[in-house]
Each structure stands twice: as C-alpha cells, then as structure tokens.
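Protein sequences, first through last, are from chains A and B.
Just so you know, we're using our numbering here: the first sequence kicks off at 21 and counts up by one.
Just so you know, we're using our numbering here: the second sequence kicks off at 5 and counts up by one.
Fair warning: there could be bad hints in the mix.
Lysine-lysine pairs mimicking BS3-like chemistry, simulated, CA-CA at most 27 Å apart [to be verified]:
hint: 1; chain 1: A; residue 1: K163; chain 2: B; residue 2: K215
hint: 2; chain 1: B; residue 1: K215; chain 2: A; residue 2: K153
hint: 3; chain 1: B; residue 1: K53; chain 2: B; residue 2: K142
Bear in mind the hints are in silico, worked out from the structure with no lab data behind them.
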Amino acid sequence: MQVEEYKPLIVAFCCNWCSYAGADLAGNNRLNYPADVKIIRVPCSCRVNPMFILRAFQRGADGVILCGCHPGDCHYTSGNYYTRRRMALLFSMLDYLGIERERTRVEWVSAAEGAKFAATMNDFAQKVASLGKNKRLEDLRCKK
Amino acid sequence: MQKVSREILVDKAISLLNQGVVKAVFGWRKGEFDYDVTPAVFTTEKDIKENFVFNGFCGANFSKYLVAKTVNFDGKILVFLKSCDTYSFNQLLTEHRFDREKVYAVGIPCDGMADISKVKEIAGDGVSKIDFEGDMMKVTTLYQDEPVEIKLGDVLLERCYNCKSKKHVAYDELIGEDGEVLDSNRFDEVAKLEAMTPDERFAFWQGELSKCLRCNACRDVCPACTCEKCVFDNPNSGVENKAAANSFEEKMFHIIRAFHVAGRCTDCGECSRVCPQNIPLHLLNRKFIKDINQFYGEYQAGEQVGSRAPLVNYTTEDVEPCDVFKGGEENA
Chain A
21 MQVEEYKPLI
31 VAFCCNWCSY
41 AGADLAGNNR
51 LNYPADVKII
61 RVPCSCRVNP
71 MFILRAFQRG
81 ADGVILCGCH
91 PGDCHYTSGN
101 YYTRRRMALL
111 FSMLDYLGIE
121 RERTRVEWVS
131 AAEGAKFAAT
141 MNDFAQKVAS
151 LGKNKRLEDL
161 RCKK
Chain B
5 MQKVSREILV
15 DKAISLLNQG
25 VVKAVFGWRK
35 GEFDYDVTPA
45 VFTTEKDIKE
55 NFVFNGFCGA
65 NFSKYLVAKT
75 VNFDGKILVF
85 LKSCDTYSFN
95 QLLTEHRFDR
105 EKVYAVGIPC
115 DGMADISKVK
125 EIAGDGVSKI
135 DFEGDMMKVT
145 TLYQDEPVEI
155 KLGDVLLERC
165 YNCKSKKHVA
175 YDELIGEDGE
185 VLDSNRFDEV
195 AKLEAMTPDE
205 RFAFWQGELS
215 KCLRCNACRD
225 VCPACTCEKC
235 VFDNPNSGVE
245 NKAAANSFEE
255 KMFHIIRAFH
265 VAGRCTDCGE
275 CSRVCPQNIP
285 LHLLNRKFIK
295 DINQFYGEYQ
305 AGEQVGSRAP
315 LVNYTTEDVE
325 PCDVFKGGEE
335 NA
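Isolated chain A (complex conformation):
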C-alpha cells in the first residue's frame, strides 16, 4: 500500500486589487508555489471577517493566510489598517487558546510582487507542513 505524502491545505484570502493580481503575476512569470494553496478572492483584505478564518479551519484548512495591499496602498484608502488591527487581536486570541501561531499569517503583497507572492506561499506551506495536520481547530463532521 502506498502511503500518501502529507500535504497541507492552505487557504489564502487575497485582495482583488493587489495580492490576487500578484498571484496572477507569479503565474505569468512561471514561478512555482504549492498547488495546495487555495485562493479566495476578496474585494479588500478588510472584507475578511474573523469568522471566515475560523470557518476555513473548520472546513479542513491547515493554515490560513491573508494577503492585502501594503499599508497606505489600500484601494479603499484605509481597509487594510482595520484588517491589521483585527487580525493582530484575532491571532493573539488564537494563540491564547493554544492554537499554533504559525497556522495564521497576514502578508502584504502588491500586484507587482509576483515573486514575493510565490516565496511567501512556499515559505508558509513549508511552515504549516512542519506543524502537521490541524487538530486543534478541526470539525470532524467536515471530514470526508
């Protein structure tokens, strides 16, 4: 019997105006990043409600990364500043509850940073893979 190699499932919330285009650029430039990164496009990083992050974990994600415009570059002027505060508090709370802090990350990636996007995803996937499966925030009912 073949033992399947463990591959983490990663959900990336990407801002329509920067990181999503950054992912596109990474593709155009033929840069490799893990196929296990599932991108969800959001109109602004600020659209991401803390519940989205938890529900991604519930549905089987092993890591969740949120990519937005660099502070100061938000398409809507200030959305990512709010994101920054919210996520700082949420991640701190997840850590407080004993959930591995490497499973969540916020990264600022602009539309011109295809290389940064690929590098970030590679690095994040590697970190999450080293943590193994998400056991602490899993919902067994959502397992196939």
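Dock chain B against the given chain A, drawing on the hints supplied.
Chain B in isolation, oriented as in the chain A frame:
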C-alpha cells in the same frame, strides 16, 4: 456592608415617582429564591413598597435593559446604576442605543455583590433562605439544622474582587459619595495563562469551553451585545443557536462572541456571572482588553461618551499581526 439600603432606594424611587420626574422604576424583584433576584420594572408606589428587593445578589447590570425598555416608552425611567454599570451605560450611549433623555440615572455605591455558587460551596446545596444582616448573611439550607453564617466579602463575584473602578462615570444623581478608579489586578490571570505553554493553554481552554451548553446567556446579558440580529441567529451560518456539536463550535462561538465585543467590552463581568457552567468568560474579554491596551494604548470602553473604539480606528504605525507575539513574549 452595602452602603446603601433597600429603604434609601425605595424612598428615592417613590419620591421621584410621586414628583412625576419618572414614570417607571427599574429595580429588582424577588425571584423564586432569595438569591435569584430578578430585574423588573415598577410603575406603582404600592408595587415598589411590597416587592422592591435590594440585597447582595443584585448584581444585574441594568444598562442593557434600557435599550429595549426606553424605545416605546413615553417618559423617563429611573435606573439604579452601580459604578461598573455606568461604564456600560456610557458605552451604550456612545453607540446611540438609547435616548439619554428618557433615563434618570441614580448612581449607587457598591462594595461588591455575592456569587451564589460560592455561597453554595460553603453552605451546601438546598439553599432555602438567605437573610442579610449588615455584611453577614445567614444561609438556611434544607440539609443543615443551623443556618450557616457567611461574610459577604468572602463570597464576592470574581469581577468584584477585581473591581476596576468605584467611580460613577454617568449619573443624574448620586447616593452616597463617589469612589475612585482602582488599581485592580484583573489582568493577572490572563498573564498567568499567557505564561503557560500552548499545550497547557489549549488543554485549559478545551476543558473550560467544553462545559458550554450554548445557552447563550453570556450573549443575551452582555451590554455590548445589542445587535438586533446576532450572527449566531442566522440560520445560514451553520452555527445557529443550538447546542455546540463539537469542540470546534464551542471555540468558534466563544472566540467570535468575545471578538464582537472587543474594544467595546467594559469588563462589567456579567458574562461570567450568568454562566450556568461557571466558565471564566471574562478571561477571553480581558485578553482582548489587555492586548488593546498594550498595542493601541490604554483604553477603557465607556469611560467617556463618544470615545472611538480601538477596532474602528487605526494609526499608520500599528503593530503588524505577525509581531504581536514578540510583544507578548517580552511581557511574559
């Protein structure tokens, strides 16, 4: 000893009612037992004289009740506010949840309210009668011949041991003298948890949160939770009101509940008081308050009407989410 007695409050309520200043009075009515004193609205002098109760179990924060009661009410309502309640009162005013003109607020001094579960720990189950004499209470139980005497100071609610302020931040009239903002040790327990390893913290919270029945009492009583429709009422959310099916839902509910009041929570401690399972919910709220104080500067919700909550505000120099743990480690 409660510095204010039932007689003072009853006199005040009746005189304001008779003068026509207020048309209704928020007070406490006796419940099934001596310890489950229930918030109630009084409109007649007779009712107040007969049924108004004030003792060491009057912990309920009236601020949130004002939202529903003042909406279709013609005239003023008298409300008695302890110092901790006045912060919630201000916070609700900041959020425009009720009309200040419709409320006559009387600040009352408070030395802390009793926690019935602590009383039961000492006196045992089957509490049938509780008599107050000064700051002592005589607890009669079904299973013991002699009443047990307990000092009020020994069975206070957790929030009262860590009282953050005896100062009333909002009132029309004050009974007694105003207190001071206190140096409380309310973040000590949070710091203790932060100093644990992630595995220990996970085990602690798994144990605590698995007690949750999803009765939603913490949400329903919370003065900051005043949305008319809650995310947990949404049938499409998948986490609609129901018993938590597994450990994920428990964590989800409590993280989101605490997050939704982050920056607006005045740390009134009602959530922990009403929890039938005695889950230390205040530790979740205080973690957010502690983080906010540390990252975005000291902020006490409700201290000033109109202050801007930290989560609807920002500066360009805020801490990055990946850096929050570095700060935490330095302080640990």
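Hints and how they fare:
The hinted pair formed by K163 of chain A and K215 of chain B meets the criterion: a straight-line CA distance of about 24 Å does not exceed 27 Å. The straight-line distance between the Cα atoms of K215 of chain B and K153 of chain A is roughly 25 Å, inside the 27 Å bound, and the hint therefore holds. In summary, the hint linking K53 of chain B to K142 of chain B is supported, as the alpha carbons are separated by about 24 Å, within the 27 Å threshold.
Hint check: no violations occur; every hint is consistent with the structure.
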